[in-house]
Structures are given as structure tokens and as C-alpha cells.
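2 protein chains.
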Amino acid sequence: MNLELILEELDKSQKSAEMRLFELLRFKSISTNSKYKSDCFETAEWLVKELSDIGFSSSLRRTTGNPMVVAHSDGVKSNLLFYGHYDVQPVDPESLWQTKPFEPVIEDTINGPVIRARGAADDKGQLMTFVEACRAIKTVEGKLPCRISILFEGEEETSSPSLIPFLKNNIEELKSNHALVCDTGMWDAKTPSITSSLRGMLSEEITIQGPKIDLHSGLFGGAVPNPLQIMSKLISGLHSTNGRVNIPNFYEGVEETSLDLLSEWEKLNFSEIEFLAKLGLSNPVGESGFSTLEKLWNRPTCEINGLWGGYIDEGFKTVIPSKAHAKISFRLVGQQEPEKIRKEFRNKLIQELPSDFHITFSNHQGSKATQFSLKSQIMSEAKEALTNEWKREAVFVGGGGSIPIVKHFKEILDMETLLIGFSLDDDQIHSPNEKYNLTSFHKGSRSWVRILNKLSKLF
Amino acid sequence: MNLELILEELDKSQKSAEMRLFELLRFKSISTNSKYKSDCFETAEWLVKELSDIGFSSSLRRTTGNPMVVAHSDGVKSNLLFYGHYDVQPVDPESLWQTKPFEPVIEDTINGPVIRARGAADDKGQLMTFVEACRAIKTVEGKLPCRISILFEGEEETSSPSLIPFLKNNIEELKSNHALVCDTGMWDAKTPSITSSLRGMLSEEITIQGPKIDLHSGLFGGAVPNPLQIMSKLISGLHSTNGRVNIPNFYEGVEETSLDLLSEWEKLNFSEIEFLAKLGLSNPVGESGFSTLEKLWNRPTCEINGLWGGYIDEGFKTVIPSKAHAKISFRLVGQQEPEKIRKEFRNKLIQELPSDFHITFSNHQGSKATQFSLKSQIMSEAKEALTNEWKREAVFVGGGGSIPIVKHFKEILDMETLLIGFSLDDDQIHSPNEKYNLTSFHKGSRSWVRILNKLSKLF
Numbered sequence: 001m002n003l004e005l006i007l008e009e010l011d012k013s014q015k016s017a018e019m020r021l022f023e024l025l026r027f028k029s030i031s032t033n034s035k036y037k038s039d040c041f042e043t044a045e046w047l048v049k050e051l052s053d054i055g056f057s058s059s060l061r062r063t064t065g066n067p068m069v070v071a072h073s074d075g076v077k078s079n080l081l082f083y084g085h086y087d088v089q090p091v092d093p094e095s096l097w098q099t100k101p102f103e104p105v106i107e108d109t110i111n112g113p114v115i116r117a118r119g120a121a122d123d124k125g126q127l128m129t130f131v132e133a134c135r136a137i138k139t140v141e142g143k144l145p146c147r148i149s150i151l152f153e154g155e156e157e158t159s160s161p162s163l164i165p166f167l168k169n170n171i172e173e174l175k176s177n178h179a180l181v182c183d184t185g186m187w188d189a190k191t192p193s194i195t196s197s198l199r200g201m202l203s204e205e206i207t208i209q210g211p212k213i214d215l216h217s218g219l220f221g222g223a224v225p226n227p228l229q230i231m232s233k234l235i236s237g238l239h240s241t242n243g244r245v246n247i248p249n250f251y252e253g254v255e256e257t258s259l260d261l262l263s264e265w266e267k268l269n270f271s272e273i274e275f276l277a278k279l280g281l282s283n284p285v286g287e288s289g290f291s292t293l294e295k296l297w298n299r300p301t302c303e304i305n306g307l308w309g310g311y312i313d314e315g316f317k318t319v320i321p322s323k324a325h326a327k328i329s330f331r332l333v334g335q336q337e338p339e340k341i342r343k344e345f346r347n348k349l350i351q352e353l354p355s356d357f358h359i360t361f362s363n364h365q366g367s368k369a370t371q372f373s374l375k376s377q378i379m380s381e382a383k384e385a386l387t388n389e390w391k392r393e394a395v396f397v398g399g400g401g402s403i404p405i406v407k408h409f410k411e412i413l414d415m416e417t418l419l420i421g422f423s424l425d426d427d428q429i430h431s432p433n434e435k436y437n438l439t440s441f442h443k444g445s446r447s448w449v450r451i452l453n454k455l456s457k458l459f
Numbered sequence: 001m002n003l004e005l006i007l008e009e010l011d012k013s014q015k016s017a018e019m020r021l022f023e024l025l026r027f028k029s030i031s032t033n034s035k036y037k038s039d040c041f042e043t044a045e046w047l048v049k050e051l052s053d054i055g056f057s058s059s060l061r062r063t064t065g066n067p068m069v070v071a072h073s074d075g076v077k078s079n080l081l082f083y084g085h086y087d088v089q090p091v092d093p094e095s096l097w098q099t100k101p102f103e104p105v106i107e108d109t110i111n112g113p114v115i116r117a118r119g120a121a122d123d124k125g126q127l128m129t130f131v132e133a134c135r136a137i138k139t140v141e142g143k144l145p146c147r148i149s150i151l152f153e154g155e156e157e158t159s160s161p162s163l164i165p166f167l168k169n170n171i172e173e174l175k176s177n178h179a180l181v182c183d184t185g186m187w188d189a190k191t192p193s194i195t196s197s198l199r200g201m202l203s204e205e206i207t208i209q210g211p212k213i214d215l216h217s218g219l220f221g222g223a224v225p226n227p228l229q230i231m232s233k234l235i236s237g238l239h240s241t242n243g244r245v246n247i248p249n250f251y252e253g254v255e256e257t258s259l260d261l262l263s264e265w266e267k268l269n270f271s272e273i274e275f276l277a278k279l280g281l282s283n284p285v286g287e288s289g290f291s292t293l294e295k296l297w298n299r300p301t302c303e304i305n306g307l308w309g310g311y312i313d314e315g316f317k318t319v320i321p322s323k324a325h326a327k328i329s330f331r332l333v334g335q336q337e338p339e340k341i342r343k344e345f346r347n348k349l350i351q352e353l354p355s356d357f358h359i360t361f362s363n364h365q366g367s368k369a370t371q372f373s374l375k376s377q378i379m380s381e382a383k384e385a386l387t388n389e390w391k392r393e394a395v396f397v398g399g400g401g402s403i404p405i406v407k408h409f410k411e412i413l414d415m416e417t418l419l420i421g422f423s424l425d426d427d428q429i430h431s432p433n434e435k436y437n438l439t440s441f442h443k444g445s446r447s448w449v450r451i452l453n454k455l456s457k458l459f
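As given, the protein sequences belong to chains A and B, one line each in that order. Residues 1 to 459 (the working numbering) are what the first sequence spells out, left to right. Residues 1 to 459 (the working numbering) are what the second sequence spells out, left to right.
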């Protein structure tokens, strides 16, 4: 592989690569709301065409939800399977966006130019770094250095309901020597990183009902139970005063951080003060007795992601609502078992619920946490490739978020995953004004060329 | 006054009275949301015309909010000033309505025919009982039995921001011997009642902010504070385990229920079990050591009327929101001072707020509680009139809701109020499927004719 020529090709075609990414970013592929179903479908069709253009044999594969995109460079049984997701988070509150979320623009900032749009970093910009790397290699070499398959899904932001059946039904087609996922971040704008662990996740939506109808708080207040007050009490009971999650057996399977990892993390020169200051905060919170990096990467959490009930519009309505609702998620580490915790969580709430109340739970999927060995050959080759591109030693970091695909690849396809991505802490993914640095996009593509160059020699 | 002829006239014109009320109910006069401002204006115009048709000298009076309707039978300095409000509560969640909220219908129920629409009972149906009474008297007698003025406002459901300035600017015009308000209920469908006390009210909207932007709960969860969790804790802290409101000096000014009142209430044969069962409940809650009637009529409360933050739409978004919001109201009794309590409430929350959090309060108006003597001549004449119409002894009851106008009439116009209304516990005011019994509407009008007949002799 003529590495220098390929990297040059990427440099030359940077502008057209940006235009291709902009096309992808214009699709409103929000998977959390069913009204964007046809937008998701159109996004998948666009990707199929894009991969065909590069020479992949690609197809749109229907599921009961949003379709998958599958592509092969040289038929099935590939050496590498690259995974990304084309769906994005909702944009609300849209009023906080300074540009239109689905009209990407390049914006000059004090940290250099950025691409501003929903999905720029999570995950459309990231998945396109790999697609552009393949395009450049094909342009220069006429072929890829090893057999590569690609899988893009459109339900990552809704816990991937179609993914497990799809993987199970297509094991022979998808199983490869190793998986690549580009949905993680860099340590900072100059330091590339490989994510060596991910927290798992469990999410639940709960509704409690007390009085059978909404009531006037003047006529009934004082003699009937208020679901909003009860919900507040249930939520308050989910944490102890020391910041620990207050659910029986919750910490079963949580493991101490290894010395290897602690020594890697020490190299990062992480500043808790700066971390908090960027968020407008100054006081550490959470589980006492742990460093911030441990809290983010190797300790479990319980967070309230949504809470509502009663009159929440402009003005005032003196109502005692019949119902209250909450969306709650847990991040899991080590060997914590999502389904065991779900059961304990539900039992706890049922037990704490006052008489006359009903509770219903909506079952969202759960996934266990993941750890990779720092010492595999794939890890060290990838680390060297990243170090060469960014002229700074690549680091191993933990991942606080969950990428359930990693667990599914292991369990269903018996395949390990390499997690490399180029987003930054300030990319505001899942928030208004999401962005992706132009440098992440361009040097991200260059990084994949170097990684493919090295990894292809292992097969 | 030829009482029998007038009552006959009301019976004959019942159908056309219903049609007039239907016209009024079709206006979307929701005052809590500014997008219905022009609907409120049109409602007021309709009322002006209606009162003119009966022979009142009536006019629409602009305010900085929704307009007032003022009408006089014989110029200013009336004997009686009748008050009602033409604005209504929001209709959400509209999906729970079995008919369209602003398309009134007559529906046969096991308890007889009802008028189903937003505002049917609160307060359009009630105010029209008085208007129809005046119409029938004028038709038969050609004139009213004493000087009557009418005041309708359009901001009752939003704490009446324009009312105090309007009363203060029009003291000479509005001051009368006594006020009549038709915005309360009957004890049950067969037993008329006079409300001899009202709870006051204080309402506050609060917003707390922690992190300066919304954050991803995977990338940040565990090391940053979650405003929804903090809000839940603040709300949980507003009540003690014995059901008392946990705010310093909150109970200052709360008075024991008088023996007179307790003996009136004993006559009511109130069943706590039935009261709860109607609401789908079986266990008494609230402040321990008090009967349900005391809790509703002579004990103060703190209720959460709205609570929201984070992702509250379909699906799941793993966000730690920057902000959380709540709408909270207090019902006050005895000599409790709204502004003192507001201050204590705000101080308490400010003190309990963790560092790194900001809190903002929206100032809604507050009003003190009201008590009337059971022994005045007006009270006994009105009680007799009601007893004659309903063929059952009228009773004195407490009012759990707040009608701030009563306090304003006293303080600004130095005028006492007589509170008589015909709505029922199951009218679902402020809830979906609000209704007003046809009997309440018709016999309500007949009751006012009898009351005016008696009261007019006192002036």
C-alpha cells in the first residue's frame, strides 16, 4: 500500500469529502421519534449508493424498525467489519440551536473550523472518516488492503431493537476477524486515543398513578396523594447521601480499577477542576472516595433522564395530576448484570410505592459493560498508527457511555472490537449545537488509512 | 315580584337558555396561554351584547390583560354586585376528552342530563345561572327588584393580574351593598349550600440550573450533578413524614376549626370512604390528626402542580439536563400571610440548594383565606331561599379552593360576599370531560330568582 500517495489523495479531496458528509447530515434521521421513519429510510438508501460508488457490494436490509446498510469489499468472511450508526438524537430544545440542526455549516471557532449539525460527531461524521479512507485507498490502489465489510444501523439511539435478531440471522455473512467501531472520542484535540472499556446501560421508563383522574388542588388538596410528590420521593430514594446508588445488590459485579488502567490514566494529567469549569461547575459530586475518571469510566451510575407530570405549559394550572412519569437509566461496569438490576430496581419501587398507587414499567434494553486487554497485537498496531498520524502518543482511555454493539459482536459473532474515534468533549453530542472539528474529520480519515495499512498485515 | 310567574318563565325558556350557554361555551377563552388572547376578547364582547340585550347598560373594559365586562341595571352604587369569570382552564391532555372540549353537548348520564364542555361548571355555566335569572325577572316584571351590577373577568385562572388595579380605579362605580359570587359547589346533587370560608392561595414557579448545558449521561454521568435528582430532593423536603408542610413558620396564623363550624359539618354525614372511593383511592393521606373535611377546608397544603425536565417525549434520550422546573402552590387558611410564606419558602429552597446550582422564582400572586359569619341576615335569607327551591335544608360548607376576588372585594371595596354555586364534586373542573348538570343550570337560575326576591327586601 502506497501510504504517502493515499494520504495525499485524502488531502486533495478534502473539500469533496466535506460535501458528501453535508449531504448525509441533511437527513433528519432521528430514530427516537417514529415520525422520522421515512427520513431514516432515505438516509440508509443514500449510504447504500455511496458505498456502491466506492466499489462495495452494498445493500439496504429491511428490519422491523429502521433498515441496516451492509456492504462487502470482497464478499463475506471479511477480515474487518466496520460499524457505525446513521441515526441521530432528537434536536429539542431547537430554540437553543444557533444554526439549523439539519443544515450543516462550517464555522470558524477559536479552536479552528468545525462542522455544525445534529449528528456531525454522533455518528455521521465519524462513520464517514472510515468511508473516506476506503475511498482514497481504492482511488490510489484500486483495491483495499484486506477484506472489509461495513454495517451501518439506524437505531443506535433507541437501544437498537432490530440489531440482535439481525446479527443472529446473518452470522455467516458478518463474522469477521475483528470489528472496528468509530463512535468514541479523542482524549483531547491533539491526543488520539483508544477506548479500552465501556460502561453498560440499562434504561427504564416508569409511570405511577394515584387518583384515577386529575383533580383540582383547591377542592381536593390535603386529602389525596399527589403523584408528583410521590415520584419525587421515589427518585430521591435512588441515591444515598454518599452518592451511591441505593438499590439492593446494585454493586454486585462491580470491580476495582486495575493497576494497569490506573497507571495509564495517570499519564493523562486529567484536571478535575478544568473538567468541571467547562460545565459551569466547581464542586465534585457523585460517589465519594473515587477520582473523577474512575467515576466516569469504572463506577456505575443511576441518572434521571426525564421527569414530568401535571401542568407544564405557560401559566399556572392548579391541578393534582393523576399520573407522574420518569425516564431513568443506569450505567453499568465490570460484571454487573442488567437484568438482575432491573429486577431489583422494580422490586424496590414497588415496595416503596404507597398504597392506592399503581406503577408500570416500560422495558428498554440493557447491556453489560465491556473491557479489552491493553496488550493485544491489534491494540499495539492501532496505537502506533494513531501516534504516527497525530505526532503524539496515543492513550488508552475508559468510555463512560455504552456501545452495546461491542457486547453483541462478542456474544453473537464471537468477535472482538477496536474502539477508535475522533470526537471531542466539547462536541455537544446529544445537546443543541453539536459539532465535529474539521481536523477530526480529516485526520480521522488519515488515521484509518494508517490503521488499515498496519492491521491488514495481521491477516 | 311575582315569584311564581318568574319561575314559570324560567321553566318555559329553558331550551333557549341552554342554547345561549352553548354559544358562550364555544369560545376558547383559555387565559393561561397567551395564544388564546383574541378568543378571550371575543368572549367578553359576546357577554357585553348578552347583558345589553337584557337591558343592562354594559361595556367591555380594556385592561393590560383580558378585558373586564361591567354592566349596571340602574347606574352605579348598586345594591348587589354579581361576579363571575368567563376564562377557563387549559384542556390538556386533550386526548382524554371523550367529546371536543369547546363543542358543548348535552349527554344523558345515570345521574341525569349534563352539559359537557370546558368551562361548563367553571365558571360559564354558573355565571349564566345569574344572567338567566335576571332575564326572566326582566321579562315578567320589566325591571329588577333592586339595583344590580355585574362584573365578569377573564383572568381568574391566571391569578387575576388586572383585577386589583381595575377595582382600585373603579371603586365608586363598583362598590355595592353586597357581592354575589357563583363559583362554588353544592354539597351534593340534592343539597344546596353556602360556602362560609375559602382557603387562600400562593403559587410559585421555580427553575433550577446545574450544568450550563445538557450533557450526555454516559460521558458525564457519575461526576456531575443531575438537576432532576436535586429537584426531586427539594420537593421531597417540602413535607414531613406526618404530612405537615415542612417550611419554617408555615403554620403561623393557622386557626383551630370553631365549634360552630364543626357542628355544621357534622350535619353533612360526610363519608371519607365514599369520598376516596370516587377517586379510585382507599387510604386517607395528608396531615395526620385531622378529619378529611378539616384537611380540605381548614388546613393549609403544599401541592406540586407541575414538574418537568430532561427528555419527556417518545423514546429515550440519555441526557443529564441543565435545568429542572416545578410549579408549586399552597392553600392557606386562617390568618396565614402569603408573602411571609413565599419568603420562607424561597429561603428554604435557596438554603437547601447544592453549590453550583442557581434557582429562579416566578412570582405569581397570593391571596389570604376568608371566613364569613354564619349569623348575618344575608346568610339566613339566602339559606331560606335555597331551602325553598331545593326542598332540602341548605348547609354551610367550607371551600378548599381560593376565590381571591372575595378578599379583594373586602379590602378594596369594603364589601362582603355571598358565595353560592351549583357545581358538583364530579363536575371534573380543571380536568378533562368537565360537565355541569342540567339541573344545576336550571335550578341554579331559579335559586337566584328566589335569592334576589329575598335580598332585595333588605336594601
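Hints should not be assumed to be uniformly reliable.
Unchecked claim - Cross-link-like lysine-lysine pairs, in silico, DSSO-like; alpha carbons within 27 Å at most:
1. 343(B) with 100(A)
2. 233(B) with 100(A)
3. 35(B) with 233(A)
4. 190(B) with 278(A)
5. 233(B) with 348(A)
6. 212(A) with 35(B)
Unchecked claim - Chain B regions said to be covered by chain A (calculated; three or more residues, Cβ under 8 Å):
7. 32-40
8. 75-86
9. 292-302
10. 398-412
What the hints assert, rightly or not - From the derived model, a few chain A residues whose C-beta atoms are all more than 10 Å from chain B:
11. 8
12. 26
13. 33
14. 187
15. 229
16. 235
17. 239
18. 258
19. 311
20. 313
21. 314
22. 319
23. 375
24. 393
These are calculated hints, taken from the structure and not from any lab test. We treat Cβ as the ideally placed atom computed from N, Cα and C, and that holds for glycine.
A quick look at each hint next to the structure:
Proximity of residue 343(B) to residue 100(A) is assessed by CA-CA distance (about 42 Å); at most 27 Å being required, the pair is judged violated. The suggested pairing of residue 233(B) with residue 100(A) is violated, with an alpha-carbon distance near 36 Å, which exceeds 27 Å. For the hint pairing residue 35(B) with residue 233(A), the CA-to-CA distance comes to about 35 Å; that exceeds 27 Å, so the pair is violated. Between residue 190(B) and residue 278(A), the direct Cα distance comes to roughly 66 Å. Violation of the 27 Å bound is thereby established for this hinted pair.
This hinted pair checks out: residue 233(B) and residue 348(A) have alpha carbons roughly 18 Å apart, not beyond 27 Å. Using a Cα cut-off of 27 Å, the hinted pair residue 212(A) and residue 35(B) is violated, with the two alpha carbons roughly 30 Å apart. Residue count for the region 32-40 of chain B with a Cβ under 8 Å from a Cβ of chain A: 3. That meets the three needed, and the coverage hint holds. Requiring three or more residues with a Cβ within less than 8 Å of a Cβ of chain A, the coverage given for the region 75-86 of chain B is violated, as only 0 such residues are present.
With 6 residues having a beta carbon nearer than 8 Å to a beta carbon of chain A, the region 292-302 of chain B meets the requirement of three or more and the stated coverage holds. Figure legend: the region 398-412 of chain B, annotated as covered by chain A; annotation consistent (4 residues with Cβ-Cβ distances under 8 Å, at least 3 required). In this structure residue 8(A) is separated from chain B by more than 10 Å, as the shortest Cβ-Cβ distance comes to about 35 Å. Listed as outside the interface, residue 26(A) is consistent with that label: its C-beta sits roughly 22 Å from the nearest C-beta of chain B, beyond the 10 Å cut-off.
For residue 33(A), the condition that its CB be more than 10 Å from all CB atoms of chain B is violated, with the nearest at approximately 5 Å. Distance to chain B confirms residue 187(A) as a non-interface residue, since its nearest Cβ pair spans about 13 Å, more than 10 Å. Not every CB of chain B is more than 10 Å from the CB of residue 229(A) (nearest about 6 Å), against its label as outside the interface. The non-interface label for residue 235(A) is inconsistent with chain B: the shortest C-beta to C-beta separation is roughly 4 Å, within 10 Å.
The Cβ of residue 239(A) sits about 7 Å from the closest Cβ of chain B, inside the 10 Å cut-off, so the non-interface label is violated. Consistency note on residue 258(A): stated as away from chain B, and its beta-carbon is indeed over 10 Å from all of that chain's, at 19 Å minimum. Against the 10 Å criterion, residue 311(A) falls within the reach of chain B, whose nearest CB is about 4 Å from its own CB. For residue 313(A), the shortest C-beta to C-beta distance to chain B comes to about 6 Å, within the 10 Å cut-off, and the non-interface label is violated.
With a minimum CB-CB distance of about 5 Å to chain B, residue 314(A) fails to clear the 10 Å threshold, and the non-interface call is violated. Against chain B, the non-interface label of residue 319(A) is violated: not every CB pair exceeds 10 Å, the least being about 5 Å. No Cβ of chain B comes within 10 Å of the Cβ of residue 375(A); the nearest lies about 26 Å off, and the non-interface call holds. Once the 10 Å rule is applied to beta carbons, residue 393(A) is consistent with being away from chain B; the minimum gap is 23 Å.
Against the hints set out earlier in the document, violations occur for numbers 1, 2, 3, 4, 6, 8, 13, 15, 16, 17, 19, 20, 21 and 22.
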